[in-house]
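Engineer: Listed here are the chains, written in short residue letters.
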Amino acid sequence: MSGVPAYYFLWLSGVIFTVGAVGVLIRRNPLVIFMCIELMLNAVNLAFAAMGRYLNSLDGQVFAFLVITVAAAEVVVGIAIIVQVYRAGRNMDVDELDLMKS
Amino acid sequence: MVVAFAILAAWELVTAIGVMASRRPIYNALSLVANMLGLAVLFLLLNAQFLFAAQIIVYAGAVMVLFVFIIALLNPQMDITLSRPSMEWAYGLIFGVVFAGLILALVYNRDLTGIPGPFTPEVIDAFGNVQILGAVLYSRFLLPVEVTSVLLLVAAVGAVYLAARKIR
Numbered sequence: 000m001s002g003v004p005a006y007y008f009l010w011l012s013g014v015i016f017t018v019g020a021v022g023v024l025i026r027r028n029p030l031v032i033f034m035c036i037e038l039m040l041n042a043v044n045l046a047f048a049a050m051g052r053y054l055n056s057l058d059g060q061v062f063a064f065l066v067i068t069v070a071a072a073e074v075v076v077g078i079a080i081i082v083q084v085y086r087a088g089r090n091m092d093v094d095e096l097d098l099m100k101s
Numbered sequence: 000m001v002v003a004f005a006i007l008a009a010w011e012l013v014t015a016i017g018v019m020a021s022r023r024p025i026y027n028a029l030s031l032v033a034n035m036l037g038l039a040v041l042f043l044l045l046n047a048q049f050l051f052a053a054q055i056i057v058y059a060g061a062v063m064v065l066f067v068f069i070i071a072l073l074n075p076q077m078d079i080t081l082s083r084p085s086m087e088w089a090y091g092l093i094f095g096v097v098f099a100g101l102i103l104a105l106v107y108n109r110d111l112t113g114i115p116g117p118f119t120p121e122v123i124d125a126f127g128n129v130q131i132l133g134a135v136l137y138s139r140f141l142l143p144v145e146v147t148s149v150l151l152l153v154a155a156v157g158a159v160y161l162a163a164r165k166i167r
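Going down the list, the sequences are from chains S and B. Residues 0 to 101 (numbering that gives the first Met the number 0) are what the first sequence spells out, left to right. Residues 0 to 167 (numbering that gives the first Met the number 0) are what the second sequence spells out, left to right.
If we strip away everything but chain S, and leave its shape as in the complex, we get (with noise of 0.2 angstroms):
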């Protein structure tokens, strides 16, 4: 044992997970939101790794194995998606970004 408590990860875990949190509801810019969702899931990571460790299972890192590959893919087509919106001319501000809505 490494000597840390594992609460002091999850304590750790979930302050991140909520300040990622907070960014996402309070940011308008979309690239800023993507980055806020990548801390949640960063934050979760670490509670995975973290709870394989002290449970002796190797399952905690696959999960945050697959949850960094999941990221990956997410990034991918969010930016492209941001990037059509650019193309498109629009504002970088997700409350205008309401095409969808009507």
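Hint data in this document are derived by calculation from the structure and do not stem from the laboratory. Given the structure is predicted, the values throughout are model-derived calculations rather than measurements. Glycine included, each C-beta is placed from N, C-alpha and C at the ideal position. One should not assume that every hint holds.
Quick look at which bits of chain S chain B covers, simulated, 3 or more residues with Cβ under 8 angstroms [stated by the list, open to error]:
hint	stretch
1	17-25
2	29-43
3	48-60
4	66-79
Residues from chain B shown here face chain S by an in silico Cβ test under 8 angstroms; the list is partial [said to hold, decoys possible]:
hint	residue
5	Ala8
6	Leu12
7	Ile16
8	Val18
9	Glu87
10	Gly116
Selected chain S positions facing chain B (in silico; Cβ < 7 angstroms) [stated by the list, open to error]:
hint	residue
11	Gly2
12	Leu9
13	Trp10
14	Val14
15	Ala63
16	Gln83
17	Tyr85
Chain S is already provided as a structure; the job is to place chain B on it using the hints.
Structural biologist: Chain B in isolation, oriented as in the chain S frame:
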């Protein structure tokens, strides 16, 4: 170990708040790079050497290069959230305090229980972290790995399709 964890935790918190609150997108991106590097070291603290390497290569390398490249290409203006008076910050702060309080109280009040697995640090050291992780990935988790590869293919095709299309 606890000292290392404390330093890393402070680093993670500062850079996470930098990601959330910086005004210029390039500063957000650089804070996120710093955050991911700190997280990679945390993985090292947890004996997850493969995750350490994957985190640095995939996240701090590929994903963040993509972000920085797009920011340099599109040159988005400053976020208007911070420049005009609004209640969003107050709402966000209230939400954050409540949410973090809920998570922390939940972790604090519940005992962490679970059935310990067979992979003690001695077993992992005997085989090597990457070797044993690969063995688990391609035996027990074969189907998820294959599904993930299909997902990556779909994402690549979708990104090419989106980038090549003309949208008005």
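Engineer: With reference to the structure, classify each hint as holding or not holding.
Structural biologist: Hint by hint, here is what the structure shows:
Residue count for the stretch 17-25 of chain S with a Cβ under 8 angstroms from a Cβ of chain B: 8. That meets the three needed, and the coverage hint holds. Look at the stretch 29-43 of chain S against chain B: 8 of its residues bring a Cβ nearer than 8 angstroms to a Cβ of that chain, three or more, so the hint holds. Closer than 8 angstroms: that is the beta-carbon criterion, and the stretch 48-60 of chain S has 12 residues meeting it against chain B, so the requirement of 3 holds. Only when three residues or more bring their CB closer than 8 angstroms to a CB of chain B does the claim for the stretch 66-79 of chain S stand; here the count is 12, and the claim holds.
Here the hint on Ala8 of chain B is kept, as its CB sits about 5 angstroms from the closest CB of chain S, short of 8 angstroms. A cut of 8 angstroms between beta carbons decides the hint on Leu12 of chain B: the least distance to chain S is about 7 angstroms, and the hint holds. Interface restraint check: Ile16 of chain B against chain S, minimum CB-CB distance 6 angstroms, threshold 8 angstroms, status holds. For Val18 of chain B, the shortest C-beta to C-beta distance to chain S is roughly 6 angstroms, which falls under 8 angstroms, so the interface hint holds.
Checking Glu87 of chain B against chain S by beta carbon gives a least distance of about 5 angstroms; that is within 8 angstroms, so the hint holds. At about 3 angstroms, the closest approach between the beta carbon of Gly116 of chain B and any beta carbon in chain S falls short of 8 angstroms, and the interface hint on this residue holds. The beta carbon of Gly2 of chain S comes within 4 angstroms of a beta carbon in chain B, closer than 7 angstroms, and the hint placing it at the interface holds. Restraint check, Leu9 of chain S versus chain B: the minimum CB separation of about 5 angstroms is within 7 angstroms; hint holds.
Taking 7 angstroms as the C-beta contact cut-off toward chain B, the hint placing Trp10 of chain S at the interface holds, the least distance being around 6 angstroms. Interface restraint check: Val14 of chain S against chain B, minimum CB-CB distance 6 angstroms, threshold 7 angstroms, status holds. Here the hint on Ala63 of chain S is kept, as its CB sits about 6 angstroms from the closest CB of chain B, short of 7 angstroms. The interface hint given for Gln83 of chain S is met, as the beta carbon of that residue sits about 5 angstroms from the closest beta carbon of chain B, less than 7 angstroms.
Against a cut-off of 7 angstroms between C-beta atoms, the interface hint on Tyr85 of chain S holds, since the closest Cβ of chain B lies about 5 angstroms away.
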